[in-house]
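Chains as they are written, first to last, in our numbering: chain A, 118 to 327; chain B, 4 to 204.
If you are wondering where the hints come from, they were derived from the structure by calculation, not from laboratory data. Just to be clear, a hint being listed does not mean it is correct.
[Stated by the list, open to error] Computed, partial: chain A to chain B, Cβ under 10 Å:
hint: 1; residue: Leu126
hint: 2; residue: Leu141
hint: 3; residue: Gln151
hint: 4; residue: Lys153
hint: 5; residue: Tyr159
hint: 6; residue: Ser168
hint: 7; residue: Pro177
hint: 8; residue: Pro190
hint: 9; residue: Leu192
hint: 10; residue: Ala212
hint: 11; residue: Arg227
hint: 12; residue: Asn285
[Said to hold, decoys possible] Derived pair list, reagent style DMTMM-like, types lysine to aspartate or glutamate, alpha-carbon separation capped at 20 Å:
hint: 13; chain 1: A; residue 1: Lys153; chain 2: B; residue 2: Glu183
hint: 14; chain 1: A; residue 1: Lys153; chain 2: B; residue 2: Asp186
hint: 15; chain 1: B; residue 1: Lys38; chain 2: B; residue 2: Asp52
hint: 16; chain 1: B; residue 1: Lys22; chain 2: A; residue 2: Glu140
hint: 17; chain 1: B; residue 1: Lys60; chain 2: A; residue 2: Asp132
hint: 18; chain 1: A; residue 1: Lys153; chain 2: B; residue 2: Glu156
hint: 19; chain 1: B; residue 1: Lys38; chain 2: B; residue 2: Asp21
hint: 20; chain 1: A; residue 1: Lys153; chain 2: B; residue 2: Glu49
hint: 21; chain 1: B; residue 1: Lys38; chain 2: A; residue 2: Glu169
hint: 22; chain 1: B; residue 1: Lys22; chain 2: B; residue 2: Glu56
hint: 23; chain 1: A; residue 1: Lys153; chain 2: B; residue 2: Asp7
hint: 24; chain 1: B; residue 1: Lys35; chain 2: B; residue 2: Asp7
hint: 25; chain 1: A; residue 1: Lys153; chain 2: A; residue 2: Glu138
hint: 26; chain 1: B; residue 1: Lys87; chain 2: B; residue 2: Glu144
hint: 27; chain 1: B; residue 1: Lys35; chain 2: B; residue 2: Glu49
hint: 28; chain 1: B; residue 1: Lys35; chain 2: A; residue 2: Asp132
hint: 29; chain 1: B; residue 1: Lys35; chain 2: A; residue 2: Glu138
hint: 30; chain 1: B; residue 1: Lys87; chain 2: B; residue 2: Glu130
hint: 31; chain 1: A; residue 1: Lys153; chain 2: B; residue 2: Asp21
hint: 32; chain 1: B; residue 1: Lys22; chain 2: A; residue 2: Glu169
hint: 33; chain 1: B; residue 1: Lys35; chain 2: A; residue 2: Glu189
hint: 34; chain 1: B; residue 1: Lys35; chain 2: B; residue 2: Glu156
hint: 35; chain 1: B; residue 1: Lys87; chain 2: B; residue 2: Glu56
hint: 36; chain 1: B; residue 1: Lys35; chain 2: A; residue 2: Glu121
Even for Gly, the Cβ is constructed at its ideal location relative to N, Cα and C.
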Amino acid sequence: MNEELDSQLSAMFDDELAPGECELLARRLSRDEQLKARWGRYAVVGAAIRSERGVRLNAPLAGLVSAVILAEPALAAAHGARRTGVRWWQPVAAAAVAAGVAAVSVLWLRAQAPLAGAPLSAHLTTPTATVPSAAVVPAAAAGVPDSYVVPRAPAVRAMAVPSIELANYVVAHSVFSSPVTRRNLLSAFMTGESGTAAEEPRDDAQGNVQ
Amino acid sequence: MSADASDLSLVRRVQRGDKGAFDALVLKYQHKLVKLVMRYVRNPAEAEDIAQEAFIKAYRALPQFRGDSAFYTWLYRIAINTAKNAVVSRDRSPVEYDLDRNNEDSYDMQGRMKDSETPEGLVLTDEIRSTVNAAIDALPEDLRTAIVLRELEGLSYEEIAAAMACPVGTVRSRIFRAREAIDRRLREVFEGGLGRAEELG
Numbered sequence: 118m119n120e121e122l123d124s125q126l127s128a129m130f131d132d133e134l135a136p137g138e139c140e141l142l143a144r145r146l147s148r149d150e151q152l153k154a155r156w157g158r159y160a161v162v163g164a165a166i167r168s169e170r171g172v173r174l175n176a177p178l179a180g181l182v183s184a185v186i187l188a189e190p191a192l193a194a195a196h197g198a199r200r201t202g203v204r205w206w207q208p209v210a211a212a213a214v215a216a217g218v219a220a221v222s223v224l225w226l227r228a229q230a231p232l233a234g235a236p237l238s239a240h241l242t243t244p245t246a247t248v249p250s251a252a253v254v255p256a257a258a259a260g261v262p263d264s265y266v267v268p269r270a271p272a273v274r275a276m277a278v279p280s281i282e283l284a285n286y287v288v289a290h291s292v293f294s295s296p297v298t299r300r301n302l303l304s305a306f307m308t309g310e311s312g313t314a315a316e317e318p319r320d321d322a323q324g325n326v327q
Numbered sequence: 004m005s006a007d008a009s010d011l012s013l014v015r016r017v018q019r020g021d022k023g024a025f026d027a028l029v030l031k032y033q034h035k036l037v038k039l040v041m042r043y044v045r046n047p048a049e050a051e052d053i054a055q056e057a058f059i060k061a062y063r064a065l066p067q068f069r070g071d072s073a074f075y076t077w078l079y080r081i082a083i084n085t086a087k088n089a090v091v092s093r094d095r096s097p098v099e100y101d102l103d104r105n106n107e108d109s110y111d112m113q114g115r116m117k118d119s120e121t122p123e124g125l126v127l128t129d130e131i132r133s134t135v136n137a138a139i140d141a142l143p144e145d146l147r148t149a150i151v152l153r154e155l156e157g158l159s160y161e162e163i164a165a166a167m168a169c170p171v172g173t174v175r176s177r178i179f180r181a182r183e184a185i186d187r188r189l190r191e192v193f194e195g196g197l198g199r200a201e202e203l204g
């Protein structure tokens, strides 16, 4: 047996070893039966010097305790299982938060969305009215009734971008919600989306808005 | 150097699921705990049972131990409470009269006694004590003083260093050498001694 190791063991027994060394030696002590036996004899020596009663080498008490503990689950596993039991509410809370955020987002987007009819056309026509696009000029020159040519892409983008972001958000956070909540949310979202699409004035092939 | 670092390192290992580390704590404190419990119960066998129960309770409660106090202080409280409860429940429980004292098989006093109470156990304890005392007497003066100040007086290495006017490292070395000498003597005497005890039994 390494003398330095035994010297460390003696110091550790007296709580006189540096914490870092204690960590290493504790690891070895818990596995090395020879070292553990020496550790036990140090305790016997101390007890004998103090004239304690019933001092024995290989006292059965340690063996009895060890046998009982061996039959029990390790503390880390038992403690982990208990912690898992306490956390049952966490997915529910996460789902509630995700659903709440999604609902607020839907309400906020609805509040931002234009009302049916006039406001939408006003919204869409405003840019073209102030800054005539190239398409407006030939139409006016041809003597056709005033019309406003609305570029297709910006109009689609104005409605689609929030929807895509919202859809992405809902899908990305769907792991936190229950299937029923998720389905309700998505169906509510889709209903709102199709309703908005229905209210949207139809463009003709040239994108003229009446 | 933080006090109780060695116990704490073992406790942390147990808390992480290393049961072997708890054996080391039991080996270190079993004698102290039995001695402590003996203040409440006179019967050594009962004291050992209570100490065993206290260790098992401590193991089960170890996830709640945060290290705010020293491990032994915490264990001490568990042992005291266990001993008090045992005394109360023993006083409440009726005395057993159903033993058939005529039947030698059912009333085996020898079997009911713990090793420490049996004549062989007491002889073994006395032999250990006398062997240790003889080994201490045979030690050089500086080793003997160091081990006695540590084990009997409970002084820290720093206090022993101050008392013996030497560095702390020297104290550590002297205590280790003293323990090794006593341990060697114990093994010489008792390596066949346990077998001899069985012969006596």
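**Message:** Hint A/Leu141 vs chain B: min CB-CB distance below 10 Å?
**Reply:** 9 Å, holds
**Item:** 20 Å limit on alpha-carbon distance, applied to hinted pair B/Lys35 and A/Glu138
**Value:** 25 Å, violated
**Request:** Would you mind confirming whether the straight-line C-alpha gap from B/Lys35 to A/Asp132 stays at or under 20 Å?
**Result:** At roughly 16 Å apart (the allowed maximum being 20 Å), A/Asp132 and B/Lys35 satisfy the hint.
**Message:** With the threshold set at 20 Å, check whether the alpha-carbon distance from B/Lys22 to A/Glu169 stays at or below it.
**Reply:** Answer violated: B/Lys22 to A/Glu169 is near 27 Å, above 20 Å.
**Asked** Quick one, are B/Lys35 and B/Glu49 close enough, alpha carbons at most 20 Å?
**Response** Given pair B/Lys35, B/Glu49 holds - Cα atoms ~15 Å apart, limit 20 Å.
**Asked** Against chain B, is A/Arg227 within 10 Å by beta-carbon distance?
**Response** With Cβ-Cβ at 50 Å, over 10 Å, it is violated.
**Request:** For the hint on A/Pro190, just tell me whether its beta-carbon gets within less than 10 Å of chain B.
**Result:** 9 Å, holds
**Satisfaction of hint between B/Glu156 and A/Lys153, Cα-Cα up to 20 Å** = 25 Å, violated
**Request:** Would you mind confirming whether the straight-line C-alpha gap from B/Lys87 to B/Glu56 stays at or under 20 Å?
**Result:** Status holds; Cα separation ~12 Å.
**Item:** Distance restraint between B/Lys35 and B/Glu156, which requires alpha-carbon spacing of 20 Å or less
**Value:** 15 Å, holds
**Message:** Tell me if the straight-line CA distance from B/Lys22 to A/Glu140 falls inside 20 Å.
**Reply:** Answer holds: B/Lys22 to A/Glu140 is near 15 Å, not above 20 Å.
**Prompt:** Holds or violated: are the alpha carbons of B/Lys38 and B/Asp52 at most 20 Å from each other?
**Reply:** Holds - the C-alpha atoms of B/Asp52 and B/Lys38 are around 12 Å apart, at most 20 Å.
Of the numbered hints stated above, those contradicted by the structure are hints 3, 10, 11, 12, 17, 18, 19, 20, 26, 29, 30, 32, 33 and 36, listed in ascending order.
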